[in-house]
Structure formats: C-alpha cells, structure tokens
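Asks: Position chains R, Z and Y relative to chain W; hints supplied.
Residue numbers (our numbering), protein chains in the order written: chain W, 777 to 1151; chain R, 777 to 1151; chain Z, 777 to 1151; chain Y, 777 to 1151.
Treat the hints with care, since some could be wrong.
[Said to hold, decoys possible] Distance condition first, Cα-Cα at most 20 Å in a straight line; then the derived EDC-like pairs of lysine to aspartate or glutamate: (1) Lys982(W) with Glu1043(R); (2) Lys949(Z) with Glu922(Z); (3) Lys949(Z) with Asp1097(Z); (4) Lys949(Z) with Glu1051(Z); (5) Lys982(Y) with Glu829(Y); (6) Lys982(W) with Glu829(W); (7) Lys982(R) with Glu1043(W); (8) Lys949(Y) with Asp986(Y); (9) Lys949(W) with Asp1052(W); (10) Lys982(Y) with Asp1052(Z); (11) Lys949(Y) with Glu1051(Y); (12) Lys982(Z) with Glu1043(Y).
[What the hints assert, rightly or not] Some chain W residues close to chain Y (C-beta under 10 Å, calculated; not the full set): (13) Ala797; (14) Gly845; (15) Phe850; (16) Ile856; (17) Ile859; (18) Gly892; (19) Val896; (20) Gly1053; (21) Val1055; (22) Ser1059; (23) Thr1140; (24) Ser1141.
These aren't lab readings, by the way, just hints derived from the structure by calculation.
Model, not experiment: these values are computed from the prediction.
Glycine included, each C-beta is placed from N, C-alpha and C at the ideal position.
4 protein chains.
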Amino acid sequence: MASVYGNILKLSIFGQSHSPAIGCSLDGIPAGIDVDFERLQEFLNRRAPGRDETSTTRRESDAPEFIAGITNGFTNGAPIAAIIRNGNTRSQDYDELRRKPRPGHADWPAQVKYGGFQDVAGGGHFSGRLTAPLCIAGGIALQALEARGVRIAAHIASLGPSRIEDTPLDPMKPNEVQLAAILANPLPCVSAAAATNMRACIMEAKNDLDSVGGVIECVAYGVPAGLGDPMFDGIENRIARIVFGIPAVKGVEFGVGFGAAELHGSENNDAYRVEDGRVCPQSNSAGGILGGITTGLPVVWRMALKPTPSIGRHQPSVDLDRMENADLVVRGRHDPCIVPRAVPVAEAACALALFDALLEADGTSTFTHQTPRAE
Amino acid sequence: MASVYGNILKLSIFGQSHSPAIGCSLDGIPAGIDVDFERLQEFLNRRAPGRDETSTTRRESDAPEFIAGITNGFTNGAPIAAIIRNGNTRSQDYDELRRKPRPGHADWPAQVKYGGFQDVAGGGHFSGRLTAPLCIAGGIALQALEARGVRIAAHIASLGPSRIEDTPLDPMKPNEVQLAAILANPLPCVSAAAATNMRACIMEAKNDLDSVGGVIECVAYGVPAGLGDPMFDGIENRIARIVFGIPAVKGVEFGVGFGAAELHGSENNDAYRVEDGRVCPQSNSAGGILGGITTGLPVVWRMALKPTPSIGRHQPSVDLDRMENADLVVRGRHDPCIVPRAVPVAEAACALALFDALLEADGTSTFTHQTPRAE
Amino acid sequence: MASVYGNILKLSIFGQSHSPAIGCSLDGIPAGIDVDFERLQEFLNRRAPGRDETSTTRRESDAPEFIAGITNGFTNGAPIAAIIRNGNTRSQDYDELRRKPRPGHADWPAQVKYGGFQDVAGGGHFSGRLTAPLCIAGGIALQALEARGVRIAAHIASLGPSRIEDTPLDPMKPNEVQLAAILANPLPCVSAAAATNMRACIMEAKNDLDSVGGVIECVAYGVPAGLGDPMFDGIENRIARIVFGIPAVKGVEFGVGFGAAELHGSENNDAYRVEDGRVCPQSNSAGGILGGITTGLPVVWRMALKPTPSIGRHQPSVDLDRMENADLVVRGRHDPCIVPRAVPVAEAACALALFDALLEADGTSTFTHQTPRAE
Amino acid sequence: MASVYGNILKLSIFGQSHSPAIGCSLDGIPAGIDVDFERLQEFLNRRAPGRDETSTTRRESDAPEFIAGITNGFTNGAPIAAIIRNGNTRSQDYDELRRKPRPGHADWPAQVKYGGFQDVAGGGHFSGRLTAPLCIAGGIALQALEARGVRIAAHIASLGPSRIEDTPLDPMKPNEVQLAAILANPLPCVSAAAATNMRACIMEAKNDLDSVGGVIECVAYGVPAGLGDPMFDGIENRIARIVFGIPAVKGVEFGVGFGAAELHGSENNDAYRVEDGRVCPQSNSAGGILGGITTGLPVVWRMALKPTPSIGRHQPSVDLDRMENADLVVRGRHDPCIVPRAVPVAEAACALALFDALLEADGTSTFTHQTPRAE
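Isolated chain W (complex conformation) (with noise of 0.2 Å):
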C-alpha cells in the first residue's frame, strides 16, 4: 500500500517519470467543494520545472486533466481522478542506469526489491515529478481548507552548506507581508536578500557539477483546536508519513523540534492566558500540537531534504552486469537544487494531512451541507 495515503482521504498516486501519464485519484473527498482550477493551475506552475535556470531545463507542463470526480466545477462526491501526459522525454539517457545505480538514488534498493522489473527511465515511480499528482490533490484540499479559513505557506528556511537562512514565518498569526513576499520572491523566501543569496549558492552548486539541499518551513494558520488524536494518528505522524512520501526528504520537524532537546522544560513550556474570553497558548514552542492535537495555534513543521542526487560529475559505482566496480556520470536534465520547487509540495502534503484529520474529526457529510464546525 506504497503510494496511498489517509484514512478518510485515500490518495492513490500512481506513474513513473515516462510513463504514459501520471496521476492520482482522490476518494472519500467530500461533494459540495468548490474547485477553482486556475487557482489549482497557479498552484501547478509553482512546482513545475523549466521555469528558471536553478531547475532542470526539462519543460513539463503539468495540466492535469481531470476524467472523473468533478461536476460543473465541484466535487460530486465521487473519487476525482487526474491525469498529467508525459511528454518530452528522452529514455536514452537513462539506459547506463539499467546496469550501473545512481549514488544516492533509489536505484540499488529497487533493484532488489523488484528483481530487475522496475522502470528505471527518469527514475521511474520513485522519481520527484510523481511530486505533480500530489499537487493537485494537496491543491485542491489547500481550497477545501481555505474555505473553512486554514491557509498554509511554506518556504526555505534555510539552504545549502554555508546555512543561508530565511526570516521564519510567525509561528503565532498570519503575516500578510510575509505571505505575499514569499509569492514575490524570485525564490520562495521572505526575505529578499535571502532569496538572493540562495539563488547563488544553488548557480554555484551548478556551475560546479554539484547540487546542495535545504530546510523547508511550513505553517498552517487558523487549524482549530482539537484536530487529531493521541499515540500514531496524531497531526504529527500524519504529517510525517506524507512527508517522507516526498522525495529526498531525509527530516520532519515540529515547532522547536530538534531545538526543543536543548530547552529546559521551563522555557519550552508554552503558558497559557486568557484573551478574549478564549485560552490562548502565549508561545508556540509546540508548534500548535500537544499530544498529537491542535492547540489553535498556527502548526509549524519544517522538513530536510538532501542535495539532488544527480549531479554531472564522476561517482564511483558498481556495473550490475559484471558485478565489478564502474564509474557513472548521471546524464539527463537535472535540478542542482529540489529544494525551491518542494515548497508548495510542502503546502500541499499539509493540506492533504490537515484535511483529512478535520474530515475524520467533523464528518463528511457535515461538510458537504456545509455546517460550519462546533467547537
């Protein structure tokens, strides 16, 4: 059960980088959802490749076409499936990969495990661009939540071997200027300078053959209070097992998160006060999640993906066929750096999680008669 996730969701993502198509279907969804596809669309191109020289050079539209689940542009109830065409593909470049795994690739272990049927071309289901059919089901469930006023933002909070680091997003309210700096950003960062710094670390990393990773920061504001559940449903490990669905994600983070092992208890204590009639977390070093449930503070998390593993230089390797040692150079178009096109990947694994506990937690049913949520 490899590439399904949720439990009243089921997301079922489903492809390789040249196969056909690729796609998702998404059961469970609620009817009644409105889908605003050239918002959904403006989604897509913040993922899509091409569109700067800091990714892979390889054009991917990623129009989905949706052939089922939605009626005079909303959900009907029924699973919604959508498909992305494969194009401009070039299999030929991938043929040394049948006998020679990449370093730092999923090629070795998938060798094992399927015996030499797996599709190696681009990386086959393992590949980043199976991140597109997230996309779309992440793109529709970032509306569905909107509409019950969660909005989600994520960017780089920090990249590359000297650490460059973005402004952190308020962990406490939304901050307009923040939100609409990250959409203006020649990268995905709040600050502008930050965004300038990295560009440059990531040209270099290509100039020279290589590739460099980073840290994505991702907040959802407005979640109530009370979404999800103790011990291994909790928002955290819902949160996480999409996350490491993502390719190259290597570290899932909440609130302080690794931080919070050096904090005494004193200070990471998030103390409460009563503002407005209502309790009110004075601090969100939990990252909006106690015992695995919002407390109506924003939820903060912050994921660690590694360089891209296919970089232009000699790695040493094995050749399968002669079982003997082999020196590889990745060819293809690659991204010296996944890390600014795994920002609105980030916002939409969230979304997909996030929503999938507030359906669990509300109902579907009451969402398709649009009963707001008592709490």
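Replies: Leaving out everything else, chains R, Z and Y in the frame of chain W:
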C-alpha cells in the same frame, strides 16, 4: 484509529495512566515465534520507572500478564494480548488539573477534543506510561527480528541545553564494544563519560525544579536490502508514524538527517563498490534507506524529545471554570528527564516498524514455516 | 489484520477459548457516550451459554471487566478495553483434537496455516466464545445508536431441516409487539408457536447427537438516509465484512436478498411517494440500501448459520501423526444449535457496522459535542 | 474510502458513467507478473455491452489504456493505472432524473448523501460501467493466480422468476468440459439448454419493458490450503466485501450457503480421509473455507443479483423540485438483465480477493522472486 499501528501487524494500545490496567493487542503476528519471557522482562525493566534517581519515584513493576496469543511459549497465530495492572496511583494529585491545563501537556487540546469527558488523571491515555505496552509488543518484535539476524540498539545521542554528546553508533556494522557499553553504563550511552555528564545535567535540572530533553539515536543492524515501499510506506514513513506516537517526540531524522541540508550532493551520495561479490554502499549518509527502501546497510535514525513538561515551578495557566488567568504548580512525581527511559521505547518502535515491513515483503506464512528470506 | 474491524472504529478482538482471558479494544469511539452497564450486562446475558438446555452446559458468566476507556460511566475518548476471564475450562477434552481435525471446524486449515503452533483447546481463537467481546463492543454501539434514534432487533427467521419459519419483522417501521415478543419468548422469535417448534427441533437434534442450523433476520430501525458509501464501503459490504466474522455464518443477504433473483424489476423496485413533505419508499425490497447507501427505510438483512459442527456421533477424520484414516468422536460440551445465542451477536455486529458508518459521515467531534445530525 | 479495496493490494476505482474516462489504480501489485494483453482484452470483452440483444445497445469497446505500472509487458512494481475513455454518451437522456429519482437506483440516497452535487448522468459513480476497471485489475489478478495454479470460473447458476437452473460447477475439482461449455454457450452456462431457456426469459422480459435477476456461481480451483484469516479477514469476509461492490448484488453465500441452515451437522460436515498421503475433505459443503481459511478444496460461492432497476414502464416516483408525486419512465438504453455480463465480474472480484490473501500470506517479495509457495 488513533492508537492502532501497522499494515500486517495491527498493534492496538489501550489504557490510561490511572485506569485499572494498560495493555495491547498485537494482531497479525505469525505463529511459531519463540518468546523468551525472561529476556522480555529484562527489556521492559530498561523502561520501567523508579530504578534511578534521574526518573520519577513512582514505582511500577511493569510485569505483563499475557492473556492470549501465546501457547507453550510460542506465538500461536492468534492476536497477542497482554495487560499490566496499574497500581500505586495517587489520583488526588491531579484534581486541580481538571480546571488548570498544564503547559506543554495535552490537557488543553484534549479538553477541546473530548469536551471534558477525557480522563485527566496522570495524563490519561496521553501518559508516557502507555509506552509500556508498546515495549511489550516491540520486545517480541525484537526477538522475532533477532531470529532473522536483525539487531536493534539505541542510546542517548545528546542531552540537555549544553548538548552533551555521546559517541555515535557505528553506522556501517555492529560494534560489540559499543553495544555492551550502552547496557553497562549508568545511563544508556556508548561513552561512560557522556553518561556521567548527562546524569549530572539531569540531577541539576531536578534540583532546579526543571527538566531537560535530548536526542536518541537508534540503529538497526542486519536489515536485508529491499524492504519498504516507495512514497507513503517507505521505511522512513513507517518509523516516523510510530515514533511520533511516543510522547514528547518533536522531530525525526534518518541518516545524516537535517545535516543533509548542509552537504553537497557529491558529499552526501554514498558510493557503491563491489565487495565479496556483493554491492556495498561505502558510507551511510542515507541511513540505510533510499526511496523508502532499505539498502542493506544499517537503518540509522534519531528522534528529538522535548524536556518533560511536568516541572515543579510556578507556571502561568488558566482556570477553565472561571475563565481567568491562574498559576499552576504541577504536583505528583515526575521524571526530570524522560530521555533515558525512552531509549528502549525507540528500539521497540523501530522493531515494530521493521518487522511489519518484513512481514509485508516476505509473508506471514513464510515466517511461520521458517523459510529463510529469498533475496 | 484478521481480528480488527472498522474504518473509524477499530475493534480488535483477542483471546482463545481456553486462554486466561478474552477481550477487545475499541479504538476511535467518541468521548461522551453514556454507558449503561446494567443494560449492557442484560444484553450480554442473551448470548451467554448455559442458561437453557438448548445450549452448551459450559457455564460462563460473561461479566466483562472494563480496564480502560470509561470514566465515571462515560466513554472518555481513549480506546475502550474490556476482558472476560476464562474459567470452567476442561482442556483435557481436546487432547485428541491435536491429532484428529474435527470435520466442519477450522482445525485442519489452522494446522496448515499455523504449522501446528495454533491453540487447539476449545477451538482456540476460532471459538464461538470470541463473540462475547464482539457483544461488549456491539452492546456499547447499540446504546450509542439508540441515543440517535436507531433501534436494532434480530430474531430466528427460520430453523432446522423442516425450515420452521418465524413471522418476519416489519420491514417498514418498528412494531412494538414484535420487538417485545422476541425478548419474552423462550427462544428469540416473534411467534410463540415458532419458538416452541424450534425448541423441539433443537432438542430432537440434541437427543440424536446431531445439530441444526438456521437463519437470523436483523432489522435496524431509524437509520437516517444517506449513510454508507458506493462500491466497497457500502452498508452491505460493511455488514457482510463483520458478519462473516461470526463463526458458522455461510451466507448474508439484504432486503429480499436471494429472492430478488426471482422477481421482475417491476416487482422489486420500491416506488417513491411524498408523505408529509418527505420522500418515502413505499416498500422495502432493497432492505433500506441502494448503491450502498441507506434510503431512510429500515436496514433489513439475514444471515445463514450452518449446524454446529461439534456433534457426538462418530465422524470420519484422519490421524495427522500417523497420516491414516481415523474416526473421531467430539467430546466436551457443545451447543446442538448455535442460532439462538447468535441473535444478539447479529445485533451487535449490525450496530458496530452502522455506528462506524455514522461516525464516518458525521464525524467523531460532532458526536462528542452532541450536535444532532444535519440531514 | 468507498472505492478502495484490499489489504496488500489497494485497488482504487474512479470514474462516472459519463465522465471523460473511468479507470483504476492497483497499488501493491508485485513486480514481475507477465501480463498477456490479448487474453486480458478477451476477458474484458466478456463483460462489454452491446454484443448481444440481451444487453444494452450502448456499445463500448472497453479497451483500456495502461498509463503506468507495466514495462515491457511485465508489472514493474509501481501501481498499475489504466483508463477507459467514455464515448457514445447521451447525457440528455438523464436530465429528468435530476428531479425524479429512479426506483431501485441509488439516485435518492445519493441525493441525500451528496446534497445534489452528485453526477446523475448514467448513474454516475454508481453505474455498472464501473465494473469495467474492476475487470481490468481482476483480469491481471486472474493471470497472476493462474501462474500459481489457481483457475477461477463463474456461470449463471439460475435466472429469472421461473428459476431456470444451470448445472452446478463441480465443487471438488475442475471439469474441463464444464469450463469450456461456459465460454462456448450463447450465455455463460454449463448447460446449453439452460442457456437457451435463460436467453428466452431475458428476451421476454425485454419485450415486456421489464427486467429479470439471477444467481451467479463462482468457483476457484487450485487454491492452496491455509489462505485467509480468522474473524474479519476470512476468505468469506474478503470476497463478500468486494462482491457487494458490484452493483445489484443483494446476497452472497459460500458452499451450500443458505442451504446449510436446513442440514443436520452430520450431513453438513465434510469428512476427512487420507489420499495419496494428503489430508482430503471428501465433500465440499464448506465451499473450501473453514474458520475463514481455505481447506485445499475449491472455493465455491454464489451471489444474487436483483433485476435491473431501469425498466421502460411507468413507475411511481416523486418530483424533488415540487415535492409532489410524479410518474417516471426511464429512457436511455439499458440491460433487461445484467446477470450474463456480471459473470466475468464475479471472476474478477474473486481473483482480487484471493490474490490479496495470497500476497498477505506469502509476501510480495516472494512472488516477485518466483519462489514457489512453501506449504
């Protein structure tokens, strides 16, 4: 489906800190696993409280009663069920908490979610005590994995505000000296000096009526290549989903983890070489996982635990009945640092995740009938 | 995931006929359900053995001990867990069965599946005794549904080789006289005459060292329209999945069921009319379900139970040790007919299926916070 | 999670009768299965409409386009995805249905559940057309099972108000004459005479603007003993859960099924004898399943299909806009009897259920690496 984990295995954990008992059922466990109860109890004792002045003074024997699933010392194919009676509870300690949510605890989100029906005594179902049944199930999974050549060990990687660091576990192959030291030192550390320093750090926090957190590293040796699945059921996803079920965990990372964000691809990629006719990665930045699937090298991961939220100091909270600000002093017996006792919990969680993936790949009948893994 | 049921609810059943205890955990149950323990015990007593000479003479009190999930008489949002101690076991009765599989029992396929590690005493995990924890969970679901206006009743529709038939339950609306009669008659029948005749049939089989089967009809009144899902999570699928978990069930049908195969469409289609400003089907061939979704009429279904396989006669079997033919006489205490005791089990199974579907549609938070269903 | 099926396999079905396309994804399918596309198309043709005057005149080629999961004719381990374009739709036929729910169809409960957002054209997601993707996935499962020695065949067991009966399939071993006859006769029957009589019955109903139902029997030969699980994941539960996903199914039974309720235990129990050094049941009342687990004899089950609800006669319905009674004449092209076309659907459903159970028992890696079943 909060407290249920697994694809083939279905671990259900039940109980509250002060309910008559806590326990678990473990469905899907193959028949024919030889359960060594003595070793299991030794494993549980590593988690049990009250054995050292760095932990809570609440003493619990944590001796499970097995009520189903084991016949003549072997699993019989039916779900395993075990309970641990709760004793030595002092519920009067918790009366004030009905009104005043403890900062850093699940009290407040639970109040919103459960509308006041939740069991507040001792943290209820959110209590760290619920890791005892996790260790029962995980302890059996550890024994089943050992029979297949898999060994799992964890230790405190770093602790406290001054970030006292232990020697990392060897990420390439098991080091017997390291593994023995963890069990011999006063705290589960590879380095005796680190153990001593960490112990002092915890005692200092205790004397200050405060608490500290830390990072635990866990390594699974002997995991065959080819386990796990792409996207949402990769080994990372599986481990993360169970690990965020451990109270106080705020971050999870694999291999070099967040550090990968600061490496170049040329540094982070693990080269392949042929050794003894087999494909061998030459380093383990990946933590033994690529594309969600094991590479044949040890699976390496870390989790960050926040400082225990229960501290003896005055903390700002609210009175929910009067809806006004109110200070709180958490009474009762609490751990100034939960990290040492969480070390076997990390091993248990890792074992359950890997055993579940192994059963999915190799089948339950294959396991019962003792056919070795065809790889 | 053999003994786990449900989408939102996760019912885990554990135990063997002669293990120290049997029990269940019920995860996903909302907080705030008022549990009437006295009524629950009355419900369990309807299933318990030893109260009538038509059933086994093994006497068991079936008094559950609740070890988690309920505080002050209300569900607290944590998983409910309950156990029933096994007593009065006579395992020596079953020694011969290790070698000689009983015809009609799971002994032989269990031997193949579990490789000899299975618990054979009393049928192990395959025992009808495992319906006791199903009734604990189902009894609570029944109470939760009643608070929403849903009432579930079952009776013996027909019994034995001469097909003694009871009066069917009204498929359009609850008939109080019928519902009271089921509880008052010596067997759970609408008609006193049918109950008398069925009783005689069972006693005749008992005296002949033989057994008889029967059909149970179950009706859920007051189920709101719009529950359930298309395809694989329709109300039929959900009920069938749990009902085939009851030992001895060999068939399930809804509405006119297999009889629908002998009707013309013009006879089988339930006409609609407007009554009191509402859409009302005028008949209920559909058993209250179309396309997997409830129509607003009662949900009507039947299950066929085979005659108890344990009979006192000589039966042809094999000796597995010697691999030769061998006759078998099943000793121990057995029901000559399991049908009467299975009537509350049908109600319990139906309640769990419908409650799970209701929670999925309306949400767990909606339930806890007592918001009525928006329809 | 309405339209998703399976434990290891995750079949997701999407599409509506008149959406741009219908299709499925099949996650969890092992790599290395040799897919014979020609045989698959022949299998799909058995379900496709418009080939005989007993079925609807809507002609659809049902030629799937595989967009993922297959490389060079073998499954590659990634999810299989396939779509079938919808053509030849006449949506204007369905305009009246927005206001007037068709008796016997899902129109009315769908209106309640989806609040008017559902796609009513052609029955939307509730259409029998959605069995086409079920047959794509099931056809591949059939081929995978055949490679393991499992053969599945179905036929019309009885049809219509006068209950025209076909010769039952041999429940002990495959009979090649029977299996060939089913494919050769004008309707899928063992007996040519039965086929002729059934055909006449359907044509009579058609001429009367009415419809008829029937019962389909399906047998799986060669299923190894020991497959399936106790309680809720027995083979009966698994088959029932998928079979009730086929539109119009109102009952499912195994072995002698409802007939078991009329047998004595001494008649219903299948005796064991040793044959050729193996344990062999001597009859098959159990339908090859005891305690949810296969016995080694063929798995035998039947499903009852109601008469097609779409009939050309005037039917009493309501006008939802005016909330008043209103007659309805269903226009469009419809099958006077869906039973013949549902025969391959039964085989597909059975294959998916058994293949999923086989993968769970033996493991996906075992399958890919072609290790035969250790039994």
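Asks: Hint by hint, say whether it matches the structure.
Replies: Hint check:
no. : hint                      : verdict
1   : Lys982(W) with Glu1043(R) : holds (15 Å)
2   : Lys949(Z) with Glu922(Z)  : holds (15 Å)
3   : Lys949(Z) with Asp1097(Z) : violated (57 Å)
4   : Lys949(Z) with Glu1051(Z) : holds (15 Å)
5   : Lys982(Y) with Glu829(Y)  : holds (9 Å)
6   : Lys982(W) with Glu829(W)  : holds (9 Å)
7   : Lys982(R) with Glu1043(W) : holds (15 Å)
8   : Lys949(Y) with Asp986(Y)  : violated (38 Å)
9   : Lys949(W) with Asp1052(W) : holds (16 Å)
10  : Lys982(Y) with Asp1052(Z) : violated (36 Å)
11  : Lys949(Y) with Glu1051(Y) : holds (14 Å)
12  : Lys982(Z) with Glu1043(Y) : holds (15 Å)
13  : Ala797                    : holds (4 Å)
14  : Gly845                    : holds (7 Å)
15  : Phe850                    : holds (5 Å)
16  : Ile856                    : holds (8 Å)
17  : Ile859                    : holds (6 Å)
18  : Gly892                    : holds (8 Å)
19  : Val896                    : holds (9 Å)
20  : Gly1053                   : violated (34 Å)
21  : Val1055                   : violated (34 Å)
22  : Ser1059                   : violated (38 Å)
23  : Thr1140                   : holds (9 Å)
24  : Ser1141                   : holds (7 Å)
Violated hints, listed in ascending order, are 3, 8, 10, 20, 21, 22; each of the other numbered hints is respected by the structure.
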